[in-house]
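Engineer: Sequences listed follow chains A and B, in order. Under numbering that gives the first Met the number 0, the letters of the first sequence match residues 0 to 400, in that order. Under numbering that gives the first Met the number 0, the letters of the second sequence match residues 0 to 163, in that order.
Among the clues, some could well be false.
Pulled a few chain A residues facing chain B out of the computed Cβ check, cut under 7 Å [to be verified]:
# : residue
1 : Met146
2 : Tyr159
3 : Ser162
4 : Thr182
5 : Thr230
FYI, nobody ran anything at the bench for these hints, they're computed from the structure. Ideal placement from N, C-alpha and C gives every residue a C-beta, glycine not left out.
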Amino acid sequence: MPLLFCLKRTFFEHKTHIFAQNFRAVMSCKRLLSLLILVFGLSGSVISSFAQEAEKHENTAPEEKKGINITELVFGHVSDSHEWHLFSLKNADGTEKPVAFPLPMIIYQPGTGLKVFSSSHFEEWHKDADGKKISNEYEGLYIEKVMKEKVLASDGSKIYDFSITKNVLSMLFGVVILLWVMTSAAKKYKANTAPKGMQNALEVIIIFIRDEVARPNLGHKYKRFLPLLLTIFFFIWINNLLGLLPGGANFTGNIAVTACLALVAFVVMMANSNKHFWGHLLNPPNVPFLVKCLLVLIEVMSLCIKPVALMIRLFANMLAGHIVILSVICLIFIFALLNVYVGGGFVIVSLAFSIFMFMLELLVAVIQAFIFANLTAVFIGQAIEGDHDHDHVELSEGLAH
Amino acid sequence: MDLLTPELGLFFWTLIAFLAVFFILRKYAWKPILNSLGEREKGIADSIATAERVKGEMSQLKSENEKLLAQAREERTTMLREAKEMKDKIVNDAKEQAKEEANKIIVDAQHQIQQQKMAALTEVKNEIGSLAIEVAEKILRKQLNASEGQEAYMSMMAKDIKLN
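In isolation and in its complexed conformation, chain A is listed as follows:
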């Protein structure tokens, strides 16, 4: 459900953006609509993910007896971890032995200082009274797993976790691929021969970003922001795709990541905002005083909502996609618990549906990257705009909400 909502929203926004530029008259209507869809979609995605969560909590009790905990499984996959878990082997005595790569832990504890060690030191897990998984203690630290993993100090003091987690490592893979692909493509341009292969594929995308995202939104100043937009687009896209690989991390579906990207976009927007932008925002012309107060309040709020919308959109879309795919696959095992043959029969349905979802996610991966880049361009465009194209401000504002 959340994914469908998000997708709907996604396509709608996309369409709105492309077509709306010509139909200003329909704009106010569309603005309202996209606002509604945003709210609806967001609450839909959040609420239904909570609903799922609740559902699964209910299911936890009977399933635990049979050895499957869907909540743990799904959220173990979509949330960050201090080890790269691949699969679990069952020992002869029935206990599970996880096969996982330990990852480096980097913990800063004020007073004690920096601690760097392997996560393989946390190997004994037990459950406390609330159902939380607690690891053994090492160097005065332990890991608590509910939906997310949290590193806590045994003495309760504040610590800062800078570990190279699964998501960080996945991102580093993405970064390496991105740097390698882009710099090797750039080298081919220096050779100045006819473009071929990868270079052609990249060129189409780069030109698309330049002509469809940067130029319409940023006008003649597009050259300055194009590297940022391209980096945002490719960074999100490659990480979206890496997240879809089996065993991959849910990097872009993590709110810390999207918050970081949204913050970068917001900082760039603020750093480049001009007098005209602030003038219109804090002192809208030709408006009575009372309305002005209200308007300024709304405008300031909308300014803050912009990065938040960027952040939540990508996060919710990617997370929802991952959860849906995992849930569909888990259905096989749930049915298999009822009856082996039912489970076997459901494999076909479940696989068909998850293949469909994977295809959809491939699409969503590029669409979300495009939307993030596009909205960043729209926001920056608003901030740097002069008086000459006033119409455009309202248009892009309509899109932003």
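Position chain B relative to chain A; hints supplied.
Structural biologist: Chain B alone, transformed into the frame defined by chain A:
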């Protein structure tokens, strides 16, 4: 709410990685790629503009050529006409002159023929005269050899005189 609280560590690493990627790619990837894309597009635009210009020049040249050709054709026609006129004139002149010459020659020839004829006639007359005289002489000689002859002649002469 667990999922909605960002982790500091991931945020930190993402920020660093993203900024690093941004600065590296900006310098080593986007700049060369965008520059060469721009150059290529400019090159293509220039080529098209040049082609357009050359095409214009070509058509101008062609029209000029056609104009020149038409002019040349016209000139050729006039030249031909003039040449023909000249030729006719020359031929006519020549004919005229030839006729004149011929007439003159004919006149001369006739004159000469007349002269020759006259001369020949005179000569013939003279010859005939001398021949007649010779014959007469011979006859006279023969007739006047004998006395009767002389006498007869004398009588004849006398007769003639009488008659006159």
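Engineer: Hint by hint, say whether it matches the structure.
Structural biologist: Tested hints:
no., hint, result
1, Met146, "holds (4 Å)"
2, Tyr159, "holds (6 Å)"
3, Ser162, "holds (6 Å)"
4, Thr182, "holds (5 Å)"
5, Thr230, "holds (5 Å)"
Violated hints are absent here; each numbered hint is respected by the structure.
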